[in-house]
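2 protein chains.
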Amino acid sequence: MKNPYVDQPTDRHPSLGVRSKEPLNAETPLELLAESLLTPNEIFYIRNHLPVPMRLSDDTYTLRVGGDGLKSRRLSLGDLKKRFKQHTIVATIQCTGNRRKDLMDSPSPKEIKGLKWEGSAIGTATWTGVLLRDVLIAAGIDESDPNIRHIRFEGHDEDITGSTYGASIPVSKAMDPRGDVLLAFEMNGKELSRDHGYPLRVLVPGVAACRSVKWLKSIEAHAEESESFWQQNDYKSFSPNVDWDNVDWTSSPAIQNMPVTSAITEPAPGRTHVVKRDGDDHLTVTVKGYAWSGGGNGIVRVDVSVDGGTTWQDATLKKIDQQPGRGWAWALWECEVEIPKGHTGPIDVVAKAMDESCNTQPERAEGIWNLRGVCCNTWPRIRLDISD
Amino acid sequence: MKNPYVDQPTDRHPSLGVRSKEPLNAETPLELLAESLLTPNEIFYIRNHLPVPMRLSDDTYTLRVGGDGLKSRRLSLGDLKKRFKQHTIVATIQCTGNRRKDLMDSPSPKEIKGLKWEGSAIGTATWTGVLLRDVLIAAGIDESDPNIRHIRFEGHDEDITGSTYGASIPVSKAMDPRGDVLLAFEMNGKELSRDHGYPLRVLVPGVAACRSVKWLKSIEAHAEESESFWQQNDYKSFSPNVDWDNVDWTSSPAIQNMPVTSAITEPAPGRTHVVKRDGDDHLTVTVKGYAWSGGGNGIVRVDVSVDGGTTWQDATLKKIDQQPGRGWAWALWECEVEIPKGHTGPIDVVAKAMDESCNTQPERAEGIWNLRGVCCNTWPRIRLDISD
Numbered sequence: 544m545k546n547p548y549v550d551q552p553t554d555r556h557p558s559l560g561v562r563s564k565e566p567l568n569a570e571t572p573l574e575l576l577a578e579s580l581l582t583p584n585e586i587f588y589i590r591n592h593l594p595v596p597m598r599l600s601d602d603t604y605t606l607r608v609g610g611d612g613l614k615s616r617r618l619s620l621g622d623l624k625k626r627f628k629q630h631t632i633v634a635t636i637q638c639t640g641n642r643r644k645d646l647m648d649s650p651s652p653k654e655i656k657g658l659k660w661e662g663s664a665i666g667t668a669t670w671t672g673v674l675l676r677d678v679l680i681a682a683g684i685d686e687s688d689p690n691i692r693h694i695r696f697e698g699h700d701e702d703i704t705g706s707t708y709g710a711s712i713p714v715s716k717a718m719d720p721r722g723d724v725l726l727a728f729e730m731n732g733k734e735l736s737r738d739h740g741y742p743l744r745v746l747v748p749g750v751a752a753c754r755s756v757k758w759l760k761s762i763e764a765h766a767e768e769s770e771s772f773w774q775q776n777d778y779k780s781f782s783p784n785v786d787w788d789n790v791d792w793t794s795s796p797a798i799q800n801m802p803v804t805s806a807i808t809e810p811a812p813g814r815t816h817v818v819k820r821d822g823d824d825h826l827t828v829t830v831k832g833y834a835w836s837g838g839g840n841g842i843v844r845v846d847v848s849v850d851g852g853t854t855w856q857d858a859t860l861k862k863i864d865q866q867p868g869r870g871w872a873w874a875l876w877e878c879e880v881e882i883p884k885g886h887t888g889p890i891d892v893v894a895k896a897m898d899e900s901c902n903t904q905p906e907r908a909e910g911i912w913n914l915r916g917v918c919c920n921t922w923p924r925i926r927l928d929i930s931d
Numbered sequence: 544m545k546n547p548y549v550d551q552p553t554d555r556h557p558s559l560g561v562r563s564k565e566p567l568n569a570e571t572p573l574e575l576l577a578e579s580l581l582t583p584n585e586i587f588y589i590r591n592h593l594p595v596p597m598r599l600s601d602d603t604y605t606l607r608v609g610g611d612g613l614k615s616r617r618l619s620l621g622d623l624k625k626r627f628k629q630h631t632i633v634a635t636i637q638c639t640g641n642r643r644k645d646l647m648d649s650p651s652p653k654e655i656k657g658l659k660w661e662g663s664a665i666g667t668a669t670w671t672g673v674l675l676r677d678v679l680i681a682a683g684i685d686e687s688d689p690n691i692r693h694i695r696f697e698g699h700d701e702d703i704t705g706s707t708y709g710a711s712i713p714v715s716k717a718m719d720p721r722g723d724v725l726l727a728f729e730m731n732g733k734e735l736s737r738d739h740g741y742p743l744r745v746l747v748p749g750v751a752a753c754r755s756v757k758w759l760k761s762i763e764a765h766a767e768e769s770e771s772f773w774q775q776n777d778y779k780s781f782s783p784n785v786d787w788d789n790v791d792w793t794s795s796p797a798i799q800n801m802p803v804t805s806a807i808t809e810p811a812p813g814r815t816h817v818v819k820r821d822g823d824d825h826l827t828v829t830v831k832g833y834a835w836s837g838g839g840n841g842i843v844r845v846d847v848s849v850d851g852g853t854t855w856q857d858a859t860l861k862k863i864d865q866q867p868g869r870g871w872a873w874a875l876w877e878c879e880v881e882i883p884k885g886h887t888g889p890i891d892v893v894a895k896a897m898d899e900s901c902n903t904q905p906e907r908a909e910g911i912w913n914l915r916g917v918c919c920n921t922w923p924r925i926r927l928d929i930s931d
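Top to bottom, those sequences are chains A and B. Note that the numbering used here has the first sequence beginning at 544, numbered continuously upward. Note that the numbering used here has the second sequence beginning at 544, numbered continuously upward.
Since the hints were derived computationally from the structure, they do not count as laboratory data. All of these numbers come straight from a predicted model, not from anything done at the bench. It cannot be assumed that every hint is accurate.
Since the list can't tell identical chains apart, any single copy or any two copies may satisfy a pair.
[To be verified] Below, a list of computed lysine-lysine pairs in the DSSO-like style, where the Cα atoms sit at most 30 Å apart:
1. Lys625 x Lys861
2. Lys625 x Lys819
3. Lys733 x Lys628
4. Lys656 x Lys545
5. Lys628 x Lys819
6. Lys656 x Lys564
7. Lys625 x Lys733
8. Lys653 x Lys831
Excised from the complex, chain A in its bound form (with noise of 0.2 Å):
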């Protein structure tokens, strides 16, 4: 049998975290994360499921769209440009898996199936493209049919049966004006890099970035959701009391929305860093990092704390200028914190992020435990160690 992953893109940043190969599934350096609120292409965090396919280019793709009372009709990239009106938004995306390690390492004696992503599956472009909502009237969708609830995506990317990966939204977010939904064939202005997506992929802001078909084969409105693998039985969140032997996928709603979360950067997590306080009475530390919350709510605030969360620290936010209900792109933020005076040895640090719906981030692993490892926004950590 061929090997499916014979030709992959060459041109992959050897700064990223590789977490599996084939598929490549690799993050951005978390140092470098919250440098700037647009993440530059070349370390863009990048999930594939399957092989990154073959032979798609400019010139000969096309687009389908079709489906329950859609025109069905096949879209030249060349008519898509020229036929609709372009959008630029600058939106996050983040893998619904982002920082599972910090559930994988918390005391559950149970297991969790998934990359051991960190906390850099995630990040910021502009996406420059035309409104799905716009290419599905044009196609002639009727909002009110009752057998038109869901908008189907399929990818070119395929298994070695033939099978494609594929996902689908609610019709509510892909026809809200305020949604802004894209068919997207740029990203911070450049052409889409295969591993993206080119030449053309869905971009939905404010949902899981596993709903963001890349290589967009086909659109379909349904009354059902995708019946693929990824939709039915992966991307989904359950109760800390269920596990591989007792879960029922039909049981959980497919995860769209995601929740409010932040990441602290800088320091980076997982070791202890040493800080001198020669003879500081005052002794204050930088910690950095990144915010963002699904549903288009924007963050409003970041706090920090050094006492495990009595007392906080307010950071000072980086973010774009985004209207309510449509706050797509994250919060880089900063804090000063202070130091207790006259503390030596370790100290921990946590932040947590509250959205424009006040919605914050849960403390510790236990209450949001799942079996995929999903969603995981707890209290990001770090840990200092004051010497005199």
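With the hints as your guide, set chain B onto chain A.
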């Protein structure tokens, strides 16, 4: 000076828990709250900021529509009912300060100002009225006009200086075809009572109830939010390190969507419930409550723990089927909580809900403490005492 509270409603139910008499602020008996998906009008919580206005009647009432870019007009109740399509939605409304008691009783030595609401400043009803969106369209609103960013509401209720209650919502919510913002005249199929805003109130589903202005006097479109005290200097959330000495009201946005929350209604919180084991090795206790989230995020799951959150049991949900993103109504839940084998003595039961966006509740108060005591959504907790 005339007593502004001289002509107040006399049909107030004696079982309501009164938190202030003038203006009346009173909540439903907690143990009745989770008994039915729709809260009976008679025991629905009442939150008045000012005296209930006098001399409003069906016949003489008119609503003023105006502001930037709207045709200035007056509409009678008859006009509204005849000229616009009537809609009925099921929605929960919640006072921004619901469960403030749990923040007030938390360890912080700093002062919270506000009514000491327990867990019942929340209720669910069917609301019948016309869509605010339709009224704004008829008044010629141009959504793309950059000077129209907020819809302001003014009530007929006024203080002794003649200043009225007011609030606003973003135009995006007001005009969202799936936002379901009503100008409502019926509650659970009956004409609004005086305490609930007769003859007309705003009903903004998914949003803090302080924006659902009662006794509606006027609607205006503006570039800026309502200038009312309640929009500018009251219903906002701040970091735990902000107190009454250092608060800058301009530094935080007015609360709109509310975060995910839940409460235990049975056994009632606040006292210890003795449960006799009577030799039973397998002992369960029925625990009931409600769960709700703002922004149209339906409740997906409620988990219950008897070991402080290390392990969890699933609750059974009872809820109304609503579309994704339009989950305006709460879920009621019930759990046969298993008490660990052989356990005697005190045991705490905690609960937490997860909504459609996978947001969950914070465990304890310290991280969400705020000087106005708003948006309290910590894990609810009751104490049992298991005796032999």
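- May I ask which of the numbered hints given earlier this structure violates, with the numbers listed in increasing order? Failing hints, ascending: 1, 2, 5.
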